[in-house]
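Protein chains in written order, with numbering that gives the first Met the number 0: chain A, 0 to 476; chain B, 0 to 468.
Any given hint could turn out to be false.
In silico BS3-like cross-links for lysine-lysine, where the CA-CA straight-line distance does not exceed 30 Å [stated by the list, open to error]:
(1) B:Lys434 <-> B:Lys220
(2) B:Lys262 <-> B:Lys389
(3) A:Lys69 <-> B:Lys262
(4) A:Lys340 <-> B:Lys434
(5) B:Lys100 <-> A:Lys364
(6) B:Lys447 <-> A:Lys364
(7) B:Lys194 <-> B:Lys172
(8) B:Lys78 <-> A:Lys78
(9) B:Lys465 <-> B:Lys447
(10) B:Lys389 <-> B:Lys434
(11) B:Lys172 <-> B:Lys128
(12) B:Lys172 <-> B:Lys100
(13) B:Lys452 <-> B:Lys220
(14) B:Lys434 <-> B:Lys465
(15) B:Lys220 <-> B:Lys194
(16) B:Lys452 <-> B:Lys434
(17) A:Lys78 <-> B:Lys128
(18) B:Lys465 <-> B:Lys389
Quick list of simulated restraints, FRET-style, between CB atoms [as the list claims (entries may be wrong)]:
(19) A:Glu72 <-> B:Asp95: 19 to 25 Å
(20) A:Met344 <-> B:Asn33: 30 to 36 Å
(21) B:Gly195 <-> A:Met344: 36 to 42 Å
(22) B:Asn33 <-> A:Glu328: 22 to 28 Å
(23) B:Leu146 <-> A:Glu328: 19 to 25 Å
(24) A:Ala357 <-> B:Glu212: 51 to 57 Å
(25) B:Gly195 <-> A:Arg329: 29 to 35 Å
(26) B:His11 <-> A:Glu328: 39 to 45 Å
(27) A:Glu328 <-> B:Tyr275: 50 to 56 Å
Chain A stretches covered by chain B per the calculated footprint, using a threshold of three residues with CB under 8 Å from any CB of chain B [claimed, not checked]:
(28) 188-202
(29) 213-227
(30) 248-260
(31) 343-354
(32) 436-447
I should point out that these hints are in silico values taken from the structure, not numbers from a laboratory. No residue lacks a Cβ here, since even glycine has one placed at the ideal position from N, Cα and C.
Residues per chain are reported as follows:
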Amino acid sequence: MAPVVDTLRLTAEQALGLVERQEVSPAELHAAYLEAIGERDGELHAYLRTVDAPEGASVPIALKDVISTKGVETTAGSKILSGYVPVFDATVAARCKAAGLSLLGKTNTDEFAMGSSTENSAWGPSRNPWDPTRVPGGSGGGTAAAVSAGLAPWGLGSDTGGSIKQPSALCGNVGLRPTYGTVSRYGIVAFASSLDQVGPVAKRVRDVALLYSIIAGRDPHDSTTVELPEPVRLPEADRLDGLRIGVPRQLESLDAIEPGVRAAFERALELAHELGAEVGECDLPTSYRYGMPCYYLIAPAEASSNLARYDGVRFGPRTDAATYREMVERTRDEGFGAEPKRRIMLGTYALSAGYFDAFYGQAQKVRTLLIREHREALARFDVIATPTSPTVAFPLGDKASDPLAMYACDLLTIPSCLAGLPGLSIPCGLSDELPVGLQLLGPQFGENSLFRTGYALEQAIGFDTVPLRWRTPEETA
Amino acid sequence: MTWEPVIGLEIHVQLKTQTKMFCRCPVGFGAGENTQTCPVCLGLPGALPVMNRRAIEWTILLGLALGCEISEQAVFSRKNYFYPDLPKGYQVSQYDLPSCKNGIMLLPTANGDRVIGIVRAHLEEDAAKTIHVGGHSGRIGGADFSLVDYNRGGTPLVEIVTAPDIRSADEAKRFLQLLRQTIVELGISDAEMEKGTLRVDANVSVRPTGSDELRTRTEIKNMNSFNFIARGIEAEAERQIRVWESGEDVRQETYDFDAATGKLTARRAKEEADDYRYFPEPDLVPVEPSLELVERLRSELPELPAARIRRIEADLDLDRAMVLVTGGLDRLWEETVAAGADAVAAANVIANAVVGAGVEIDAVAPTELARLVEARERIPRAAFDEAIAKLGDVGFSADSYLAQEAVSDTAELEPIVDAIIEANPGQVAAYRGGKEGLLGFFVGQVMKETQGKANARVVSELVRSKLTG
């Protein structure tokens with residue numbers, strides 16, 4: 000008889016231990032997760048498709064549907080890629096395979112990773128395991144919901160302006176957006192090339208560090224990647240003596256931050272202080288004032304170009320018409336949903352002759368200021384701390400018809416993305432019985448210090464990753 | 000009022016690297032359709048470009064040969080537009096920061112060097128090949144269907160843009176001959192117009208001679224030989240002169256040159272101006288060649304064609320020097336002269352007889368060629384021609400041909416000359432009436448009669464004395 004595996008509570012590191020000690024076979028483990036998916040994913044819709052026949056000598060993994068998987072349909076949450084089966088593996092998928100990780104399935108995402116709730120998926124929204132009337136965040140809501148609900152021990156997401164960190168926060172997971180250039184983008188369906196980064200999502204900081212060590216490092220297929228300057232270190236210490244944590248003074252006046260989120264964030268800072276860290280004030284004035292508008296020029300500009308290849312000529316669905324131009328127009332009109340269309344229009348406008356200097360050109364200058372501002376803050380502090388999301392998970396439909404309100408979800412995650420810096424989100428408590436995320440930002444290649452900080456805080460906070468409604472009476476007590 | 004053309008050229012050169020610009024698919028002709036492709040050059044989702052180091056180096060090498068400044072930082076941009084030959088919906092091309100800029104090429108002329116400015120030479124990727132089936136225009140509009148072969152897509156392409164410094168169709172042609180030879184000698188491209196590895200568009204305007212204004216220009220495309228380029232430019236300049244002289248204005252248009260009719264056809268004007276929405280390609284890093292690399296490439300530059308023309312012209316004349324150098328014949332010529340041949344005679348024999356016989360130039364032994372040049376009037380014509388034809392054979396020796404004597408005995412030749420004069424009274428009258436060029440006709444007839452065994456110089460003297468006597 001197959002051993003009972005409690006996927007809801009199992010961390011990736013524990014799962015690896017089970018396989019290593021041969022208490023559970025890789026196939027049994029894979030099957031256990033498929034069973035959990037069978038039980039709980041009808042409600043959550045974290046997965047767009049699952050893979051039944053496991054290949055791999057280790058634990059399974061969920062991959063966001065923007066990650067190309069050879070022989071397995073990859074749609075990036077868009078109708079325009081329905082039926083598209085890649086002929087090659089993304090480098091991160093290949094590295095997971097090489098590490099023996101078996102592919103559980105492809106997880107839901109906002110179309111082309113554009114969104115903060117997964118409601119923009121052409122295949123229907125995912126739901127938050129803590130409260131299925133609420134969104135799991137986005138764009139990587141599928142991976143986050145899967146990890147939180149025990150439908151995968153870990154997974155990979157992609158983050159352009161917060162798509163790993165924000166859903167991790169809303170679902171009570173740990174998520175890392177790595178330093179730009181440390182993880183290959185080869186095979187990732189591109190949204191905004193100068194911002195896109197792949198990163199891990201799991202229940203625990205050590206799981207995230209472990210998965211990061213599997214996927215990181217230079218890839219000859221991606222010219223923007225570099226070798227890690229130092230190896231990934233799995234964190235062990237539970238003290239933070241000597242660590243300098245900076246808190247942007249601008250948070251004070253950001254009304255968008257909910258009181259419950261602010262309270263949990265401040266408790267986490269107190270804990271950090273108790274663990275020996277110095278907590279001080281830093282200054283990121285441009286980031287919170289101009290980060291969002293800057294992002295919503297650069298990202299759509301790059302997207303308008305990256306999404307030009309979806310013309311129906313070589314792959315994906317095609318709507319036939321009398322002329323080439325009409326065929327392309329109709330294919331794109333029927334294939335893209337409202338959000339990609341909106342961003343293609345924004346981006347096309349920002350790059351147009353006569354507007355380039357005022358929009359795209361200006362945004363690049365602001366980006367340079369953001370980089371400088373973060374560098375200055377990180378010269379005085381080892382880590383910058385903010386809440387990850389200004390709010391906890393919100394009800395489905397709440398912001399779906401208000402793009403600006405939806406864009407504001409990423410207010411706190413966007414600036415460091417523009418600066419190319421790493422960010423780790425860890426759960427730091429509950430507000431209204433929903434998880435709150437703590438965002439830790441570091442300098443370029445500062446992942447090890449984020450892991451160390453995140454791990455120590457994780458121990459001190461003692462956050463229970465099991466959604467309240469699935470806890471046993473003993474756990475609740 | 001007289002007019003002068005103002006001509007600028009845009010030249011595309013396909014580099015003969017082994018692999019494509021941004022992926023490692025092979026570059027080459029003749030493979031089955033869409034067999035030299037991969038996720039990158041098909042623009043599949045998630046595929047990323049990786050630069051071809053050799054293509055970068057060759058572009059810099061060309062830039063150095065054209066006297067360009069080599070940019071410490073060159074940047075690839077995206078040129079965005081929809082067309083089925085462009086799989087990504089954008090072409091990756093250097094734009095505002097090209098690898099090479101502000102160069103010059105010296106074009107030797109009888110009145111000194113003409114300085115032709117090189118505005119820029121930049122690297123980009125070639126588009127795929129489309130075939131539009133059905134319809135009549137050969138264009139995508141009106142076609143029943145279109146086929147795309149992505150083998151060519153992503154081939155490295157250098158675009159060279161000249162300043163509007165060229166002043167005649169002939170000058171354009173000679174500039175292109177010299178540029179082509181430079182490219183071929185650098186070993187970076189076959190630069191063959193028939194194969195499309197060299198493509199030229201011309202920007203043409205005219206202005207009153209001596210003025211320095213720049214009037215509205217038009218662009219001519221689809222010219223697939225240097226001669227057609229010259230004819231196209233000439234035809235367009237004449238057309239513009241007629242337009243201005245009739246009191247109308249030349250409109251900015253693009254013309255296709257039809258080689259069969261020699262006519263220019265205006266392309267249908269677009270309703271909207273192109274907006275390519277250029278921005279720096281975020282999937283690539285800037286090209287920052289080290290000073291050491293640039294200096295190494297500079298040190299590898301061979302003596303360039305323009306310099307060689309100037310050097311060998313001293314012993315010849317500009318036209319012969321140009322023919323030898325742009326034909327890749329000057330090295331053989333120099334060695335042949337060094338082996339004792341007369342400079343002008345050697346140039347004539349090489350440019351006419353040797354090239355005409357289709358001999359492989361690199362296989363020719365200059366010492367044997369020099370002996371043939373020296374003996375060319377002494378030995379029978381037939382023997383000379385045969386020897387030239389076999390020049391490229393392994394171990395060729397001129398000995399057996401030099402042993403043959405042409406018939407120089409006037410007593411033996413006189414009856415033949417007399418008979419031919421008698422048989423061609425019309426030509427005789429014409430010659431005596433002043434058409435001295437007909438001398439060759441008579442000599443030719445004698446050679447034919449003697450099966451090439453007569454000494455041409457003796458025959459021609461004999462004929463001349465008979466006709467004038």
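Margin query: Hint check: Lys447 of chain B vs Lys364 of chain A, CA-CA at most 30 Å. Holds or violated?
Written below: Answer violated: Lys447 of chain B to Lys364 of chain A is near 82 Å, above 30 Å.
Check: Is it true that the C-beta distance of His11 of chain B to Glu328 of chain A lies inside 39 to 45 Å, as the hint says?
Finding: 30 Å, violated
Notebook entry, point to check: Does the alpha-carbon distance linking Lys434 of chain B and Lys220 of chain B stay inside the 30 Å limit?
Noted result: 43 Å, violated
Note to self: Tell me if the straight-line CA distance from Lys78 of chain B to Lys78 of chain A falls inside 30 Å.
What the structure shows: Holds, because 26 Å separates the two Cα atoms, which is no more than 30 Å.
Checklist line | Pairwise hint evaluation, Lys100 of chain B against Lys172 of chain B, where the allowed Cα distance is 30 Å at most | finding: Given pair Lys172 of chain B, Lys100 of chain B holds - Cα atoms ~22 Å apart, limit 30 Å.
Margin query: Closer than 8 Å Cβ to Cβ for three or more residues is the test here. Does the segment 248-260 of chain A pass it with chain B?
Written below: violated (count 0)
Check: Does the Cβ distance between Met344 of chain A and Asn33 of chain B fall inside 30 to 36 Å?
Finding: With Cβ atoms ~33 Å apart, the hint holds.
Next item on the list: Go ahead and decide if the range 51 to 57 Å is satisfied by the Cβ distance of Ala357 of chain A to Glu212 of chain B.
Entry: Given range 51 to 57 Å: violated, Cβ gap about 34 Å.
Notebook entry, point to check: Between Lys465 of chain B and Lys389 of chain B, does the CA-CA distance stay at or below 30 Å?
Noted result: 36 Å, violated
Check: Can the suggested window of 19 to 25 Å be confirmed for the beta-carbon pair Leu146 of chain B and Glu328 of chain A?
Finding: For Leu146 of chain B and Glu328 of chain A the Cβ distance comes to about 21 Å; the hint holds.
Margin query: Does the beta carbon distance between Glu328 of chain A and Tyr275 of chain B stay inside 50 to 56 Å, or does it fall outside?
Written below: For Glu328 of chain A and Tyr275 of chain B the Cβ distance comes to about 19 Å; the hint is violated.
Check: Checking C-beta pairs, does the segment 213-227 of chain A have three or more residues closer than 8 Å to chain B?
Finding: holds (count 5)
Hint compliance for this structure: hints 1, 2, 3, 4, 6, 10, 13, 18, 19, 24, 26, 27, 30 and 32 are broken, all remaining hints hold.
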